[in-house]
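Chemist: Residue strings, one per chain:
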Amino acid sequence: MALAQAKQDATEARVASLTVPRGGWSEPARQDALSRLQAMGLPHGRDEYWKYTRPDSLNSVEVPAARVLEHGEPPVFGTRDRLKIVFIDGVFDAEASDDLELEGVHIDRLAVAQDIHWAKDLYGHLEAAGQKPVPRPLAALNTAFATDGVLIHVTGRPSKPISLIYRHKSETSDAILHNVVKVDAGAEATILENGPAAARFNKCMEIDIADTGTLHHVRMQGRDHERRAVSHMFSRLGRESTYKSFTLTVNGVLTRNEQIVELTGDDAVAHVAGACLGDGDFTHDDTVFITHDAVNCESRQVFKKVLRNGATGVFQGKILVKEGAQKTDGYQISQSLLLDEDSQFLAKPELEIYADDVACSHGSTSGAIDDDSLFYLRARGVPRGEAEDLMTIAFIAEAVQEIEDETLQEEVVERVSGWLHRRRG
Amino acid sequence: MLEIKNLHVKLEEEDKAILKGVDLTVDAGKVHAIMGPNGSGKSTLSYVLSGRDGYEVTDGSAELLGEDILDMEPEERAAAGLFLAFQYPVEIPGVGNMTFLRTAVNAQRKARGEEEMSSADFLKLIRAKAKELKIDADMLKRPVNVGFSGGEKKRNEILQMAMLEPKMCILDETDSGLDVDAMRLVADGVNALRNAGRGFLVITHYQRLLDHIKPDVVHIMADGRIIKTGGPELALEVEKNGYEGLKEEMA
Ligand SMILES: Nc1ncnc2c1ncn2[C@@H]1O[C@H](COP(=O)(O)OP(=O)(O)OP(=O)(O)O)[C@@H](O)[C@H]1O
Ligand SMILES: [Mg+2]
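First to last, the sequence lines map onto chains A and B.
So the first sequence is numbered by this note's numbering: it starts at 1 and just counts up by one.
So the second sequence is numbered by this note's numbering: it starts at 426 and just counts up by one.
Do not take every clue at face value.
[Stated by the list, open to error] If you want the ones that stay clear, here's a sample from chain B, every Cβ over 10 Å from chain A, calculated:
1) N431
2) L490
3) E541
4) M564
5) L565
6) G576
7) E662
[What the hints assert, rightly or not] Here are some, though not all, of the chain B residues that point toward chain A, as calculated from beta-carbon distances under 7 Å:
8) S475
9) R477
10) A504
11) V515
12) A532
13) Q533
Source of the hints: derived by calculation from the structure; they are not laboratory data.
Small disclaimer: the values here were computed from a predicted structure and weren't measured.
C-beta: ideal position from N, C-alpha, C; glycine also.
Next comes chain A alone, as it looks inside the complex:
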């Protein structure tokens, strides 16, 4: 019982250090999440789901300090017209944000949204549903204690992306933000997220996409070396709807990104992808759970990790095909490019299938840069470092190509090139 006690102690200590925001429409959901959290307890290194990534620093009352990158984050998504919503260490910055008015979408802030709000039906609901069959206590903690976030109701086709910018200014900030996104039938929007957010960031996003709706999500997690982040994206997809999410992670001492996708309507499409670049003290964990609960749906998971100097990459990906989810097309690939022998990649791909007419494939590989290709490039005059960069960018290309918008793809590649370039000094 030592483990249960340890979990309980950690959970009680953390809960005692936080306050559930009182009053308002979200309180019942928050209280519900709190009791669920207390029942399941915070994650522990001995939990199966946390075997590869130590959760301690995500649980602790004290926030491990994280220095703020001296020159600030380089601007990303900077060239495009977008609606900017800025949080600094988890606190909304009205000054830096745009007016939240945009045709085809209603945007509110969680902290100030009026009583009866459409989000009431979603806030904490997708999160609660996503707790089965695997508990995700840090998401329940988020629902209970989130201080702010955005509520995005997409009713049409907004002309520009909604851009959530998370700045980091305090070395000990602990931000908990919860976003809710509802996409109406036939509506389509793009959400961009970028920035390190805080010394420690716990972010939740619940996404409900109605029949024939589409949501694109592109995220670039900030490159402050010591920051920690855990994020949960819960999505529920209706008939013929589309959800495409891509995340680029560079640096950050610890990142755990969970994607919990439920395909509930026939002919829905979900693509979740990610690329990460880690050097040294870096652990990056992609944990994905995709449930096919309808006919003829397609899901793709494409995750690429570039690791050096002892960096660690983790991938836990599952495709669950429920009974009756015929004609499921599920694809999953997780690969790492290990730039030295000190780095490691731990992968746990899983398939669980209860329908007979499905096509699911999964694969996981770890490898170094191909010598023959490297020589070919160098023989044409490309210096070793540059050749390795080209190969690295080629390695992550399959993940980047999951982004539909080509200029966004280019911005991601540019960001990666910059990172690689700085590594070489």
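Could you slot chain B with the ligands onto chain A? The hints should help.
Modeler: This is chain B with the ligands only, laid out in the frame that chain A set:
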């Protein structure tokens, strides 16, 4: 241009000698052909000259324009003007042909202290050269050699050579796998580059290529050595009598 003296090479990982004293000098403006049986060391010679890992030079030297190249990195040799058209061009998924070539052209220029080529100039040039080699514009957009047919890969090598304008070109069996028309295109590509300042070393098994690219000198390599050197007539002799006849003659 290229001066190889008494070159001995063994495999790095095992005690196997492959080149056993190669002497070869290619002057500027000349085309030399190397023929020889499978496994005689022709590709090894081209790899050692271009700096591939896995080989150890145990004796001898190789100079390009008076500079010792054996201690240079592969990219330095390329910038110094050496080019190898690979016997087996490598497929590189994810790296676009265009990006690759532009990076290569500009890296070489930079290494030589020259100005980089602008995107516009590069595009214009590559389009013109690709057209001469009947390489589809679409192929340029694809990843390096991925999904190219054997012949397309070889033409792509020649396109790279035309773009990089090296001083010393080594072609390792660029003719193998080419149909008659493609062979003519490749030969035309090579001939277009022939000039007083450029040397060629053409490795081939067939006289057919040498009908189109007329060599000045022909060498026969066997068991890691040049066993015979002559004029274009030597290639005809090989075609007629095979290597066995030659070897007997030498013995
Ligand atoms: N990396 C290597 N490891 C093991 N053996 C090698 C290696 N490289 C070359 N060899 C051996 O060295 C010899 C020469 O090979 P090479 O490829 O140079 O021959 P070649 O003359 O180009 O032949 P071909 O006409 O078939 O292309 C062969 O016996 C080959 O097996
Ligand atoms: Mg050969």
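Chemist: Please name the hints from earlier in the document that this structure breaks, with their numbers sorted from lowest to highest.
Modeler: No hint contradicted; all consistent.
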